[in-house]
Amino acid sequence: MTVLLDDNFARGAAPPPRERKSRLTGGLLLVFLFLSAALMVLSRLDHELVRKTRTSVTELLVPMVNHASTPANGFHRVRGQLTSYFDLFVELERLKQENQRLRQWESRATHLEYQVAEYRQLLNGVKDFSRGFVTGRMIADGRGPFMRSALVNIGRDNGVTSGSAVVDRDGFVGRIVDVGEKAARVLFLTDLNSRIPVLVGKKGVRSILVGNNSDRPELNFLPSGNTPKVGDAVYTSGHGGLLPAGLRVGIVEQSGTSIRVQPHTQPGKAHFVSVLKFDTLNLGQARFDARVRRPLARRDIVRAWQTSPAQSAVEEARRGE
Amino acid sequence: MLYWLLGTVVRSFLILAASLISAMPWGLPVEFVFALPLLVFAVIHDIVWRARDQVLIPVVFVAGLLVDILVNGPLGFWSFLFLLGFGMTRQLAKPNQPQQLLRRWTSYSLVALAITAIAWLVGSLYFLKLVAFLPMLFGAGLAAAIYPILSLLLGLSHVAITKPEGELTGSEA
Numbered sequence: 001m002t003v004l005l006d007d008n009f010a011r012g013a014a015p016p017p018r019e020r021k022s023r024l025t026g027g028l029l030l031v032f033l034f035l036s037a038a039l040m041v042l043s044r045l046d047h048e049l050v051r052k053t054r055t056s057v058t059e060l061l062v063p064m065v066n067h068a069s070t071p072a073n074g075f076h077r078v079r080g081q082l083t084s085y086f087d088l089f090v091e092l093e094r095l096k097q098e099n100q101r102l103r104q105w106e107s108r109a110t111h112l113e114y115q116v117a118e119y120r121q122l123l124n125g126v127k128d129f130s131r132g133f134v135t136g137r138m139i140a141d142g143r144g145p146f147m148r149s150a151l152v153n154i155g156r157d158n159g160v161t162s163g164s165a166v167v168d169r170d171g172f173v174g175r176i177v178d179v180g181e182k183a184a185r186v187l188f189l190t191d192l193n194s195r196i197p198v199l200v201g202k203k204g205v206r207s208i209l210v211g212n213n214s215d216r217p218e219l220n221f222l223p224s225g226n227t228p229k230v231g232d233a234v235y236t237s238g239h240g241g242l243l244p245a246g247l248r249v250g251i252v253e254q255s256g257t258s259i260r261v262q263p264h265t266q267p268g269k270a271h272f273v274s275v276l277k278f279d280t281l282n283l284g285q286a287r288f289d290a291r292v293r294r295p296l297a298r299r300d301i302v303r304a305w306q307t308s309p310a311q312s313a314v315e316e317a318r319r320g321e
Numbered sequence: 001m002l003y004w005l006l007g008t009v010v011r012s013f014l015i016l017a018a019s020l021i022s023a024m025p026w027g028l029p030v031e032f033v034f035a036l037p038l039l040v041f042a043v044i045h046d047i048v049w050r051a052r053d054q055v056l057i058p059v060v061f062v063a064g065l066l067v068d069i070l071v072n073g074p075l076g077f078w079s080f081l082f083l084l085g086f087g088m089t090r091q092l093a094k095p096n097q098p099q100q101l102l103r104r105w106t107s108y109s110l111v112a113l114a115i116t117a118i119a120w121l122v123g124s125l126y127f128l129k130l131v132a133f134l135p136m137l138f139g140a141g142l143a144a145a146i147y148p149i150l151s152l153l154l155g156l157s158h159v160a161i162t163k164p165e166g167e168l169t170g171s172e173a
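Chains as they are written, first to last, in the numbering used here: chain A, 1 to 321; chain B, 1 to 173.
Read the hints as simulated data drawn from the structure, not as lab findings.
The structure presented is a predicted model; accordingly, all values stated were derived computationally and were not measured.
A couple of the hints might just be wrong.
[Stated by the list, open to error] Quick list of simulated restraints, FRET-style, between CB atoms:
#  : chain 1 : residue 1 : chain 2 : residue 2 : range
1  : B       : Leu-156   : A       : Pro-63    : 41 to 47 Å
2  : B       : Ser-109   : A       : Leu-88    : 37 to 43 Å
3  : A       : Pro-71    : B       : Pro-58    : 25 to 31 Å
4  : A       : His-111   : B       : Leu-128   : 50 to 56 Å
5  : B       : Ile-118   : A       : Glu-181   : 35 to 41 Å
6  : A       : Asn-193   : B       : Gln-99    : 41 to 47 Å
7  : B       : Pro-29    : A       : Gly-74    : 18 to 24 Å
8  : A       : Lys-229   : B       : Leu-113   : 42 to 48 Å
9  : B       : Pro-29    : A       : Pro-71    : 35 to 41 Å
10 : A       : Ala-37    : B       : Gly-155   : 30 to 36 Å
11 : B       : Arg-103   : A       : Gly-163   : 17 to 23 Å
12 : A       : Gly-132   : B       : Leu-128   : 38 to 44 Å
13 : A       : Ala-37    : B       : Gln-99    : 31 to 37 Å
14 : A       : Gly-163   : B       : Pro-29    : 25 to 31 Å
[What the hints assert, rightly or not] Okay, derived cross-link-like pairs now, DSSO-like style, lysine-lysine, Cα gap no bigger than 30 Å in a straight line:
#  : chain 1 : residue 1 : chain 2 : residue 2
15 : A       : Lys-52    : A       : Lys-182
16 : A       : Lys-229   : A       : Lys-182
17 : A       : Lys-52    : A       : Lys-277
18 : A       : Lys-21    : B       : Lys-94
19 : B       : Lys-94    : A       : Lys-52
20 : A       : Lys-277   : A       : Lys-182
Cβ atoms here follow ideal geometry from the backbone N, Cα and C, with glycine treated the same way.
Bound-form chain B, shown alone (with noise of 0.2 Å):
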């Protein structure tokens, strides 16, 4: 149960950051912005397929509120991609699933092209006239192509958190 709950803070914690960090003026090109919030997705993707009992919806539900806020965009905009991406990859990682980095990486790909499609569409419909598909799709692929980096350092924090002689906690028990 103590580890239970400490992988759980410590995954909140996590996503929360990767929210913050996203949000920072890096001065990157216009083009790249996209892909920020789809990192922060990236993480949780990866949360989900590692200790999916443990990324809490109220969470993912705040970081996305969190993105929207600091990079004032539509309220609420962030937090509904964040949550269909998360059920979606609920699905796909169902428990006891070989977790190997290429079975991630074609499911992050998947929903991470979904994604951006749910949103050049809602964002289309927001401000009623059709956005720009092409700087989203860049974004996805560049988040795509960051993806296996960024699961080989959330590894690590998966091995701090798990219990001792390698058991796991959660739903990979």
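Just chain A, with the same shape it has in the complex (with noise of 0.2 Å):
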């Protein structure tokens, strides 16, 4: 009887308290783990409510990011100082040498801006028009194994949209693929869902700069025939009028079966980047919710023409006459 009362065999007995808690445990972890297996299928599909609630959670932390980076500013600076320091004499050889090389340039650049503007008299031709701009600074890193983004402390609020270019001093970075109020995402040209229009070299060879993941994006969709060589610039090429033409991006690496381009940028190390405000036409644009909620009416062609770029540019150039 003794022997049966002591080996807990008795039925009903509750478990000790710490096997309790240990169950307790086990089963709260199964219940988030299954939580977060269904939050990345939702993510996969992308779903709307996992884009609006990332978007919410992003612009509540958005101040406190933008504060907690104060001390990764502090770094880069003291880094950038500690890095000009040792390399002082080097970087002054190769600053000279650049120097030497950019007076060339520089009387050759004015003399061809002076041709530029009599052919552009002479074929009665049209100004570019400037592009604005809004400059911000990294706030958070979005570089892993997956993706290659930042999130930069300028928004909606500052003039910034969706599918904006994105350049730093050295050239093209990315693009913005989603906008807050305050804050905005941008995706490099090295990531993995970018695709980038461009011309290749100096016959402008048109080619689609593939993000892979690696810091030596590839250039894809080539025309047969035409294979570039090592050395040839990559420009933007403005196909598909989301980003403006003429942005530097990078020069081509390696020939062959594969091509890859070495960006002018470093994304990730570069601190401040300025997004470009640049807009399609208004008429194009106008044309296009029109045709998508209702017929298109005269007095909106007008009001669209009346209102663009272009034909502002147009009066100008008639005023200058």
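Could you fit the two chains together into a complex? Lean on the hints.
Now the structure itself:
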């Protein structure tokens, strides 16, 4: 009898408290694991709820992240100063050579500028309208094994729109993919999901720059018989009307079966970036909207033309005559 | 009870602060970037060893979500990995076990390696293509190398929030 009472075999005996707690923890862990897996599936399906939640939470976190990134700014500054100090003499020599080369280019560029102005006058050409831009700071780094993106501290309040080109002092960095009121997400040109229409070399061969999550994106969809050479310059083409043409992207580094480009910028190392305010003609937009919503009205076309940048440029050229 | 509450709050704050810091633009090479979320997990791992009852599962979940949102990764990815790692660590760090640094370091290295392998598998399934494993492995190695320093730093906070007279809170008692 004593043995039966002692061996805890009695039916209905409660498990010891530690074991109960362990079971509860295990159960809770499974619930949250399941929740995480469900979120991953919704994220993969690009569910609207996931996108909206992500944007809203990012908006809430931006002030905190902005302040929290202050030590990172200090770290960059100190690192930059230390690097400059140790590389002082090498950097000085490099700058002297670059200065000499640029002086030669300066006189050539001035001469070319005069020629272009003369040709424009002869042909009654229209000046390119200038692009506005807004500069912001990177406050969160989204680089990892799957993504190449970053958060910047400028958003809709500053006139940033989705799809806008992002540049730094060296060239094209990427484009805006998600915009909140006070922050925006930049997708770098090296990201797996990045596809940029470009022109390659002096002949201006059309291609698509495809990100592959490495530091050397590839050129795809090149016309047959047009293999770029190593050293050819790559620029945005502006095809599709999403990005402005002529932005420096990089140079062809490797030719052959897989043509790789070395970007001028180092995404992720850029600290301050500028978002270009590039808008396609309002006329085109009005026509697109009308096609979707209601039949095209003449007054819509006239109003869109009157407010378009191209129309202002034409007026300016006429006043110049 | 008060010390338990204080310990839980401080440790939860440490975990969430580590998540925020890991997403800052430190300008590191891309090969190093995978190590940063693993360092967040290093904080979780160390705290589980020192005070397993003061690491709340919802906090681990939120820390992972925070990393996912800030780095624009698949939502739920890092929370899934952190929770798996948490579960594995709890199995390895049984109560009343010796807590030498070497034992904790070995445990972390094994769990980080397991998490990296699962991350590669889940990432490949998510994007429907095999993602590069070597950069992730390099990141895991780097995180494992930094772990002892992080553990010693966390030890300072542990000393600060234990009961007077050296009595420990939570499960070490």
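A quick look at each hint next to the structure:
1. Checked against the given bound of 41 to 47 Å, the beta carbons of B/Leu-156 and A/Pro-63, roughly 29 Å apart, lie outside it.
2. For the pair B/Ser-109 and A/Leu-88, the supplied restraint of 37 to 43 Å holds, since their beta-carbon distance comes to about 41 Å.
3. Range check, A/Pro-71 to B/Pro-58: about 28 Å between beta-carbon atoms, so the 25 to 31 Å window is met.
4. In this structure, A/His-111 and B/Leu-128 meet the distance hint of 50 to 56 Å, their C-beta atoms being roughly 54 Å apart.
5. The hint said 35 to 41 Å for the Cβ distance between B/Ile-118 and A/Glu-181, and at roughly 37 Å that hint holds.
6. The hinted window of 41 to 47 Å between A/Asn-193 and B/Gln-99 holds, with their beta carbons roughly 44 Å apart.
7. As the Cβ distance of B/Pro-29 to A/Gly-74 is approximately 20 Å, the hint placing it in 18 to 24 Å holds.
8. A beta carbon spacing of about 44 Å between A/Lys-229 and B/Leu-113 agrees with the range 42 to 48 Å that was offered as a hint.
9. The hinted range of 35 to 41 Å is not satisfied by B/Pro-29 and A/Pro-71, whose Cβ atoms lie roughly 19 Å apart.
10. Between A/Ala-37 and B/Gly-155 the C-beta distance comes to about 34 Å, which sits within the given range of 30 to 36 Å.
11. A hinted range of 17 to 23 Å is violated for the C-beta pair B/Arg-103 and A/Gly-163, which are about 53 Å apart.
12. With their beta carbons about 40 Å apart, A/Gly-132 and B/Leu-128 fall inside the hinted range of 38 to 44 Å.
13. Taking 31 to 37 Å as the suggested C-beta distance range, the pair A/Ala-37 and B/Gln-99 conforms, at roughly 32 Å.
14. One distance hint, 25 to 31 Å for the beta-carbon pair A/Gly-163 and B/Pro-29, holds here, with the actual separation near 29 Å.
15. With a C-alpha separation of about 15 Å, the suggested pair A/Lys-52 and A/Lys-182 falls inside the 30 Å cut-off, and the hint holds.
16. Annotation: proposed proximity of A/Lys-229 to A/Lys-182 is violated, straight-line Cα distance about 43 Å (limit 30 Å).
17. In summary, the hint linking A/Lys-52 to A/Lys-277 is supported, as the alpha carbons are separated by about 24 Å, within the 30 Å threshold.
18. Taken as a hint, the A/Lys-21 and B/Lys-94 pair is honoured in the structure, with Cα atoms around 14 Å apart against an allowance of 30 Å.
19. With a C-alpha separation of about 41 Å, the suggested pair B/Lys-94 and A/Lys-52 falls outside the 30 Å cut-off, and the hint is violated.
20. Restraint check for A/Lys-277 and A/Lys-182: the C-alpha separation of about 16 Å stays at or below 30 Å, so the hint holds.
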